[in-house]
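Peer 1: If you want the building blocks of each chain, they are given just below.
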Amino acid sequence: MATILEARDLIKEYPGVTAVGGVSFAVEEGICFGLLGPNGAGKTTTVEIIEGVTPATSGEVYYYGEPAGAKFRQEAGIQFQNTALQDFLTVRETIEMFRALYDCKADFDELIEQCSLGDLLDRDNRKLSGGQRQRLLLAVALVNRPRLVFLDEPTTGLDPQARRNFWDLVQNLRALGSSIVMTTHYMDEAEVLCDEIAIMDAGQIIAQGVPDDLLRDHYEGLIIELPIGDLTDELAEIEHTVYENLGIVEFVTTDVSASLQQLSPHVTNLNHIKIRQPNLDDLFLDLTGHSLRA
Amino acid sequence: MLRRIFAIFQGRNREFLRDRASFAWNLLLPVVLIFGLSFALGGDRNAYTVGILQDSDDIVEEQHPFLSTRYIRFVPTSDKDDALRKVSRHQLDLLVEFGDAPRYWVNPDSSKGHFVELALLQSDVTAPPTIDKEHISGDAVHYADWVLPGILGMNMMFSCMFGVGYVVVRYRKNGFLKRLRATPLTSLEFISAQVASRMVLIICITVFVYTGTHLILDTRMEGSYFTLFLVAMVGAISMVSLGLLISARVTSEELAGGLLNMINWPMMLLSGVWFSLEGAGTFVQNLAKIFPLTHVLDSARAVMLDGATIGDVAPSLLALTALSVVFIGIGAKIFRWGQF
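Line by line, the protein sequences are chains F and E.
Just add 32 to the spot in the first sequence (first one is 1) and you have this note's numbering.
Just add 43 to the spot in the second sequence (first one is 1) and you have this note's numbering.
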C-alpha cells in the first residue's frame, strides 16, 4: 500500500503554549487512522495543520509523497468538529454549492443515498437535528469523491443511536476505498473504526500502532476489577500488577483462576469482581497516568 | 475559477434574499427616507440664499449695505459658472458681484429670487441703485431631486459595507470561512464572489428604488441613465471593497461593527448625503474627497441635475476605481480565513 499522507515533525506554538510539539505519522492508503486523546491533547490542531487551515509553526505535510497543495485540496474531504453553514440554504443547495467548488464531483443521488439525506433535501440547514447535521457535514466532506477523508470528532454530541448510524456511514466509506483520518476521544469508536491509532497527550504522540498490537504489547492477560472498598489489606501486599483509578482497583493477570484464589482472602465481597479484556482506555490511563475523558 | 465564484455568489444571494428582514430593510429604508424627507423638506426653504461672487472666503458687510440684510444667508463663491448654474436651478436665489462694475443675476422664474432682488435694490437708501441685472433661466431643483442620490448612495454605503464587512466577519467567527478554506476556493475567488453578489443585489435595489421614486416624485434627470448606472456600479464596487478591507482580518463582530461605523458616519456626514458642504471650509471639503461616497454623490448629482457626461465624471470614476484597486489589493493581501 502506498503512503497517502505523511506528517513530519509538526509543531504549533501559541504564545506561552505548545499545542502540538513535534508530531509525525504516516497513513497508508485505504485505512482508517485514528488520532486519540483527551480534549486539549492537540488532535484538532494537528489535523487542521494537515488540512491546511491552520498554519504550522514548523513541519511538513506530504500527500502521496508531494508537499500538500492544490492536488490535496481537490482530493481531500474534510469534516470539521464545528462548522457553520450558510444560513437560509437547504440541504440540496448546500451540497450543490460545495460540489461546484471541486473538479471531481460525486454523483449527487449516490451521495444523498450514502448519507441518508433523501428526506431532508429541501430542509433549511438550520432546522436539522444533531445527527442529521453531521450527515450533511459528512456529505459536504464527500462531494468531491475524496481519496482521503478527515473526520474531526464526528460523533461528539450525538446520541448513541446517531453515533452507531454514523459509524455505519464511516465503515461504508472505508469499504468504498477512501482513506480516513479521524480524531476522537471515544475509545469504543476508535476500536470499532480504526485500523491504526496514534494516542496523543499534551501535544505529543505517546503511542502508535494497530490497536490490538498496542494492547497485546502492553498487557499480558486479562484485567480483574473490583471496588477499592472491598479490599481488606493494603494493595502492596497483593502480588499482581495493580492500577488504581476512581475508587476501582485493577489487577492484570495471565491466570485468572490463580489470581482469584490469591485475591479472595483479601476481598470482602466477591460479587463486585469484574473480569474483562484490557482496552484503549486502560492503555491511555497506563501511559499518561490520567483518565482519557478527563 | 468562474464556476467556484458563481457557486459562492449564488449561495450568498440566496442567503440575502431569503433573509426577509434584512432584504426588506435594504429596500424600505431608502424609500421611507426619500418620501419622508421630500414631504418634510420639499417645500420652499425659509431662508434666502445669495451667492457673492468674490475671491475671498469672507463676507465683508461694509462692502455694501445689502450684505447686512437679515434673514439672508450669504455664500461666498469664486466659481462663476457653478454659481450661475445654481441660480438657474433655484439653489441660489440671487448671485451678486460687487466691485468696480457691480451686477447681479436672477432667475425670473424664482419667486424667492424676486424678493431678494427687491431687497438688494432697496438696501442702499443713500444712493440710487447702480447695479447691472442679468437674467438666468432654469427650472428649480427640488430637495427631493438633490437628496435622492444622497439617500441612494447612503443606502448603498451601508448595504455594501455592512452586507460584506459584517457578514465576512460572521463567516470567519462561525467557521464557515474555515470550511471554505479547506476547499480549492482561493481568497481572490471568495472576495470576487462577495463583491459580485453584493454589487448585483445593491444595484438591483438601487435601480428599483430610483425608478419608483423617479416615477412617483418626477425627480430631475438631465443626463444619461447609462452614465448614472456606471457611477452606481463603480461606486458600489469601491464601497464593497472598503467593507472587505475592513473585514479582512477582524474576528469580532463587535469590533467590525465599531470599525464600520467609525468609517460610515464620517463618510455619511462629510459626503453631502443630506446637505451640501459648500459652506464648509476647504479642509473639510478636501477631506471628504478621501471617501468613495463623496465621489459617488458628486458624480450622480452632476449626471442627474446638470446632465454631466461620462467625460465630465471621469475623474470621479477614476478616483473610485483607484480606491477599489487599493482596497481590494490590500484586503486580499491581508485576508484571513480563520481566527488564528
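By construction, these hints were calculated from the structure, which means they are not laboratory data.
The structure presented is a predicted model; accordingly, all values stated were derived computationally and were not measured.
Do not rely on the hints blindly, as some may be mistaken.
[As the list claims (entries may be wrong)] The list that follows gives simulated cross-link-like pairs (lysine-lysine, PhoX-like), each with its CA atoms no further than 25 Å apart:
#: 1; chain 1: E; residue 1: Lys376; chain 2: F; residue 2: Lys103
#: 2; chain 1: E; residue 1: Lys123; chain 2: E; residue 2: Lys176
#: 3; chain 1: F; residue 1: Lys159; chain 2: F; residue 2: Lys103
#: 4; chain 1: F; residue 1: Lys159; chain 2: E; residue 2: Lys216
#: 5; chain 1: E; residue 1: Lys216; chain 2: E; residue 2: Lys376
#: 6; chain 1: E; residue 1: Lys123; chain 2: E; residue 2: Lys332
Peer 1: Are there hints from earlier that the structure breaks, and if so, what are their numbers?
Peer 2: 3
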